[in-house]
Amino acid sequence: LYPVRRQLDGSIGRGIPESETTRAYDIGWRYNSPDWLASAALYRVDYDNRIVSSFDDELGFTVDRNLGKVEIQGFDLQAGWKAASFLTLSGTASYNDSEVQRNVPLSATTFLATAGKQLVETPEWQYGLRADATFGAFAAGLQGKYVGERAATDINDEFAPSYTVWDLDARYALEGVGLAERVELRLNIVN
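In case it helps, the working numbering puts the sequence shown at residues 10 to 200.
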């Protein structure tokens, strides 16, 4: 999973950066009935040597960096409801609280001020909604997703804005068309 480097003598050296390790704890609850589905989960993850990757446009390749200790905790919620024989509704919500635990060394005497900062590209809040409807051979779905703002840099001096996307999908099934048992016409509009 980690890149290796060639030593001066031609042998393969240890990967850079140091290997990432985690301790993860979670507890959850699920409920399922003919008309309802629900789940909730709480989690905590303690990282040592948290590896973050980003693409460097100038270099033309991905660069890995070690942020050291990172703590993440949060929850995930999900609910689904069969509102009618033809209609299903579902929703999700996620909260993620991340914190880098130390300043990242740049040299023997210089550090990047990352302690206490949010993990890069990790939004605190995300929400999702979906509706599915079926009328005989016709089915359609509409879904939306919200992603909260997230840090664009390790020192949290720039943030990527929050965004919402909506997608639509529809299909019509035709039975016994020519030599085929079933043919489906599909339309997907992805935002």
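Hints were generated in silico from the structure; no laboratory data involved. Small disclaimer: the values here were computed from a predicted structure and weren't measured. No residue lacks a Cβ here, since even glycine has one placed at the ideal position from N, Cα and C. Please note that a few of the clues may not be correct.
[To be verified] FRET-style restraints, in silico, Cβ to Cβ:
{"hint": "1", "residue 1": "Ala-102", "residue 2": "Gly-19", "range": "19 to 29 Å"}
{"hint": "2", "residue 1": "Glu-27", "residue 2": "Gly-125", "range": "18 to 28 Å"}
{"hint": "3", "residue 1": "Pro-114", "residue 2": "Leu-86", "range": "58 to 68 Å"}
{"hint": "4", "residue 1": "Phe-168", "residue 2": "Asp-66", "range": "16 to 26 Å"}
{"hint": "5", "residue 1": "Glu-27", "residue 2": "Ser-48", "range": "50 to 60 Å"}
{"hint": "6", "residue 1": "Phe-168", "residue 2": "Pro-114", "range": "19 to 29 Å"}
{"hint": "7", "residue 1": "Glu-193", "residue 2": "Lys-78", "range": "13 to 23 Å"}
{"hint": "8", "residue 1": "Val-174", "residue 2": "Ile-36", "range": "28 to 38 Å"}
{"hint": "9", "residue 1": "Thr-31", "residue 2": "Leu-86", "range": "49 to 59 Å"}
{"hint": "10", "residue 1": "Ala-124", "residue 2": "Phe-84", "range": "20 to 30 Å"}
[What the hints assert, rightly or not] EDC-like mimics (lysine to aspartate or glutamate), calculated; alpha carbons at most 16 Å apart, straight line:
{"hint": "11", "residue 1": "Lys-154", "residue 2": "Glu-190"}
{"hint": "12", "residue 1": "Lys-91", "residue 2": "Asp-44"}
{"hint": "13", "residue 1": "Lys-78", "residue 2": "Asp-44"}
Tested hints:
1. For the hinted restraint 19 to 29 Å between Ala-102 and Gly-19, the CB-CB distance of approximately 53 Å leaves it violated.
2. For the hinted restraint 18 to 28 Å between Glu-27 and Gly-125, the CB-CB distance of approximately 22 Å keeps it satisfied.
3. Take Pro-114 and Leu-86: their Cβ atoms lie about 38 Å apart, and the range 58 to 68 Å is violated.
4. At roughly 19 Å, the beta carbons of Phe-168 and Asp-66 sit within the given window of 16 to 26 Å.
5. Between Glu-27 and Ser-48 the Cβ separation comes to about 35 Å, which falls outside the hinted range of 50 to 60 Å.
6. Restraint check, Phe-168 to Pro-114: a C-beta distance of roughly 25 Å satisfies the suggested window 19 to 29 Å.
7. With their beta carbons about 50 Å apart, Glu-193 and Lys-78 fall outside the hinted range of 13 to 23 Å.
8. Checked against the hint of 28 to 38 Å, the pair Val-174 and Ile-36 passes, with Cβ atoms roughly 31 Å apart.
9. At about 23 Å, the beta-carbon gap between Thr-31 and Leu-86 misses the expected band of 49 to 59 Å.
10. Checked against the hint of 20 to 30 Å, the C-beta distance between Ala-124 and Phe-84 comes to roughly 25 Å, which is consistent with it.
11. Under the criterion of a C-alpha separation no larger than 16 Å, the hint pairing Lys-154 with Glu-190 is inconsistent with the structure, at around 35 Å.
12. Between Lys-91 and Asp-44 the CA atoms are separated by roughly 5 Å; this keeps the pair inside 16 Å, and the hint holds.
13. A hinted pair counts as satisfied when its Cα atoms are at most 16 Å apart, and Lys-78 with Asp-44 does not qualify at roughly 43 Å.
Violated hints, listed in ascending order, are 1, 3, 5, 7, 9, 11, 13; each of the other numbered hints is respected by the structure.
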